[in-house]
Every structure is written in structure tokens, then in C-alpha cells.
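Undergrad: Got chain A; can you put chain B on it based on the hints?
Chains A and B supply the protein sequences, listed in that same order. Once you know that position 279 of the first sequence is 332 in our numbering, the rest is easy, because the numbers rise by one and skip nothing. Once you know that position 88 of the second sequence is 141 in our numbering, the rest is easy, because the numbers rise by one and skip nothing.
Check each hint, because a few of them may be wrong.
Because identical chains share one entry, a pair is satisfied inside a single copy or across any pair of copies.
[To be verified] Taking lysine-lysine and the DSSO-like style, the derived pairs with C-alpha atoms no more than 30 Å apart in a straight line are:
| id | residue 1 | residue 2 |
| --- | --- | --- |
| 1 | Lys310 | Lys103 |
| 2 | Lys170 | Lys310 |
| 3 | Lys269 | Lys232 |
| 4 | Lys153 | Lys266 |
| 5 | Lys153 | Lys103 |
Since the hints were made in silico from the structure, they are not lab data.
There are 2 protein chains.
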Amino acid sequence: MAEKRDDDRTKKRRNRRDTPLRDVLRVPGGRRPDLTAYDASAIPAGPADKAAGLAATAALAPRLAALQERLYASSTTGDRRRLLLVLQGMDTSGKGGTVKHVIGFLNPSGCRVRAFKAPTAEERAHPFLWRIERALPQAGEIGIFDRSHYEDVLIARVRDLVPRERLDRRYDEINRFEKSLAEDGVTVVKVFLHLSYEEQRDRLLERLDNPEKHWKFSPGDIEERAAWPAYREAYEIALDRCATDEAPWYLVPADRKWYRNWAISELLLEHLEELDPHYPPADFDVDECRRRLLGT
Amino acid sequence: MAEKRDDDRTKKRRNRRDTPLRDVLRVPGGRRPDLTAYDASAIPAGPADKAAGLAATAALAPRLAALQERLYASSTTGDRRRLLLVLQGMDTSGKGGTVKHVIGFLNPSGCRVRAFKAPTAEERAHPFLWRIERALPQAGEIGIFDRSHYEDVLIARVRDLVPRERLDRRYDEINRFEKSLAEDGVTVVKVFLHLSYEEQRDRLLERLDNPEKHWKFSPGDIEERAAWPAYREAYEIALDRCATDEAPWYLVPADRKWYRNWAISELLLEHLEELDPHYPPADFDVDECRRRLLGT
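Isolated chain A, as found in the complex (with noise of 0.2 Å):
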């Protein structure tokens, strides 16, 4: 669960030193969360400052390169397991800046990411996992989705996109689909970067006084501001109603960006710790390979 408001934060982050983090973070599911109780500054668990985070992350690089590789490796003897970081969060969470912090530690070969933006005239045409399907990392791949299916449920109903009923219906075809990709070997890591609504207004305007971020920056992103309310209940519900053990919704406090750099980090080195990939052994003869080719 992810921490809440708590005075005696480094009390907390002490104990739970030996606690993976997946538990720390994890949304529980079966009762809607009310996300005005958590803290989008927290340091529930890990590094307890900047310095000490930012050298936490730079440690944690060599160890995710290294399980990807493996992971890779795996693949080619057929093992069909892959991962994918599925990011959601307001506009300015830091969805972007994760791949470029996060994934740019890994080897591009192996990572295939995706930004959903809304959706074209094609993609409008066909069922909403439509294009989410056609995005999912191959076997051996860290797939990597910079929002995603979960638009479906967010600014869907925020903006009435859908009617009611149908959009009801996506929670439970999410999570069928999500558990489809469970079964066919994809470990589902949805991540909720939780920023707060002082810190989206500190960036937006960080964006307004540098000419060269002004093309990140757009007047409707004031309009979608207007509307945080109405989407915190929307992620809320989506928070609640998908979080399941096949695919479960990790919370992380984004509003300090070195903390969510190495939470993210972390939560995949744990779960790709848990998959353990191997590198597999040769199913040629070692010995007979090395004596044709000092042969040539």
C-alpha cells in the first residue's frame, strides 16, 4: 500500500527497509483509494533524499541492463516472457521523463515503447485494445507504454467519450485482457505516478518561462487542469476496479522526480528478479564449434 500522510515518515522507510517495494507501493484493490490521502511528495520507502536517491538509481542501471539482457537471452530458445511498464498520471507526472531516465538505462534493442496519443481515425475504428494490442513488446522485450488502454477509462469519462454503460463495461474487458497477458507469459506493471495538483502548476509554468520547452506546453493542458477533480475520481475507480494479482496498479509519489526515477527502477528490478531469466545454454557442441572456426 502506498504511504499515506505520516509525520514520522523515516520511522516508516526504516522499517521498512527489508519490505520489497511492490508491497510498499501496491494500490490495494476492493475499496475505491481516496488519492487526496496520499502524499504526492512521499518518500514511503527507499533513499531518503535527492544525493542519496540519485546514486541509489545510477546503482540500480547496471543491475536492470543486466536482467534485460538475460531476459533477451531467454527469448531466444524460446521463453516468451516479457515486461510491461504501463505509465499513467496527469499531464506533467513525468510519464515522458521515466522512458528518458528509466528505459534510457537499458539497451534500445530490447525495449519497444509507445506513446498513445489520442487516438487516429483508424484506431477510432476498431475496439479500444485494438492498437494496444498491436503495441505489446515481443518475447524477451521490456515494452514500455507512455499512457495507454487506461485513456479508455480516463479521459473517456472524464470528457463523456462514451456512453455510460459501455465505458462501465471496459473495466472488466481491461482486466480479461490484462489477464490474458498475464497467461501468455507478460508481467503487467501499471504504475501511477501520483503528482500533486501545487506541483503540475509549478511545471506547467516551468514550461511557460522556457522558450525551448514552449511545444511541450499547450493552452488545452489549462482546460484538463480545470478538470483534476473529475479526474482523480476517474483514476480513483480505474485505481480500484483494476487492480488485480495478474496485473496490479503500483502508486509512486511523483512530485519529486529522483524519487520517482528510482522507484520505478527499483519496482522493475524487483519483478524482473522475480521472472530470474537465464541465459540459456548451448544446445551445439562447444568444443567442435571452436575447433571449426580455428580452423578457419
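TA: Relative to the frame of chain A, chain B by itself:
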């Protein structure tokens, strides 16, 4: 033109300090190159040794990343330009290593990496350029092909996979295709990683000697190696017939990994600098947006 064997490399390198690398490494069209005349361990321009090469490459990384961001930013206001890096070379020549060590500097969000393997049944049912077209970078992206449509005139020639007449037509098809890419805003950078026969043996042996690299080896690699002269000829023909102004070939000596990484980084940089992408100006009233935001 790529550096020929030369006892006086240092002097030549010094003289060429101010020549763009693309002019040094570009394969001249109009006559078939003799690849045996090119030293795969040459240092035709740039840093003189490994330590200097690693430092120079590290220094290029932030410049590459900055230009990549500008290219991507520019695409958000309709700039359709993008870059396609085509990597070709014999087994172990470092196509994968280039993706890991050079493309790894870039923001994964703006990269579209595709490794082409033996075509699937579906791909074989289509014209050979079909799968290529589906993997092209979108506006603002940097695309990376680990192998490419050139396999259809390389292994296809060496292994007689298609009738000779059909094969011979493919060179013109490729030139037309790449010309149309250029007209559509794609900067095509084709790199031939020039490896020596001896270095390939060492790299294959290294894979055999390390159980964690067995997955990268297949006994078929030895059979491919036996066809080395036929592959060299096929490369010479492709480098000659497809060296166009719209899509030049660059010959990168690849026996030294640090040099390969520096040279490809520098080639990318030169092409991106020529594109000179700019952050687009705001198409909204910045001050008004700031006021509105501060009121939220």
C-alpha cells in the same frame, strides 16, 4: 572516401582534422570498391587511441541528445524530417553494439529500433520492401535498422535466394525507394561496418568461450563465415550500385569498437547538425497562459 592502408595514418589524420567525417568515410559511387584495400582497424580521422575515443564519444552524447530533442520538438508543428540509420555488416561487426552504445545515448521515446531477421512467411508473401516501409521512423524520430533491405541483395545474392534477374532489379528498386524517402524528409545514413576476417574469428571465439554469450552463437555462423568472399563481393556490389547522393554509404572501420562508436556518433551528429532542427515558437499567448495558470 574511407582510409586505405597507409603507414602514415597519423599525418593524414592530422590533415583531415577539419574535414567532416562524412567526407572521409563516404564510399564513392561509380566504381566497385575493393574492400580488401580498406583496413578494418584503421583510424582514418578523429581520436587517435581508445582513451581519447571513449572521451570524445562521451562528449558527443549530450550534443546528440540535444539535437534529437530539437528534431522531435520540431515535428510537433509539422516538420516531417527524420533520420534513418541503416547498419549493415558481417556477423559480429557490431550492429547490436552500436545500438547499445550509441543509440543508448538518445531518448528512447524518439528512437525506433528495428532488427531484421530472416523474413517471416507473411513478410515473404509481400515485396521485399514491405516490411521495411512498416518500420520506418515517423516525423521527428531517429530510426535504426539493424540489418535492412540490403539483406535482400546480400544474403539473397550469396545464397541464391531469388533468380539473378530479379535480384539485379532490386538495386534500382532500392535506389528509387531511398530517393523517395529523401524526398519525404528522411535523412538516410547507411553505415557499412567493415570488419576483418581475423577479427570476426576472434569475436566468434569470444562468444564460444563465454557461456553467457553462447546464445549469440549458432553453428550457422561458421557456414556464413565460409562464404566470406561471396559476402564481400555482394557488399562491394551493393556499396557501388546504391551509393547515391540521396542516401550515401559510409564505410566505418569496425575492428576497434571504440572507433566504431565514435565514428557513428560523429556521423549522426554531422547529419543532425546539418538538419539544424529548431524548437518551434509558441503558437499561443504565453503571458496570458501564465496568468490563467497562476489563477488555478
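Undergrad: Would you mind marking each hint as holding or not holding in the structure?
TA: Hints versus structure:
no.: 1; hint: Lys310 to Lys103; in the structure: within (9 Å within a copy, 35 Å between copies)
no.: 2; hint: Lys170 to Lys310; in the structure: within (23 Å within a copy, 38 Å between copies)
no.: 3; hint: Lys269 to Lys232; in the structure: neither (35 Å within a copy, 32 Å between copies)
no.: 4; hint: Lys153 to Lys266; in the structure: both (16 Å within a copy, 28 Å between copies)
no.: 5; hint: Lys153 to Lys103; in the structure: both (18 Å within a copy, 28 Å between copies)
The structure fails hint 3 only (numbered hints given earlier).
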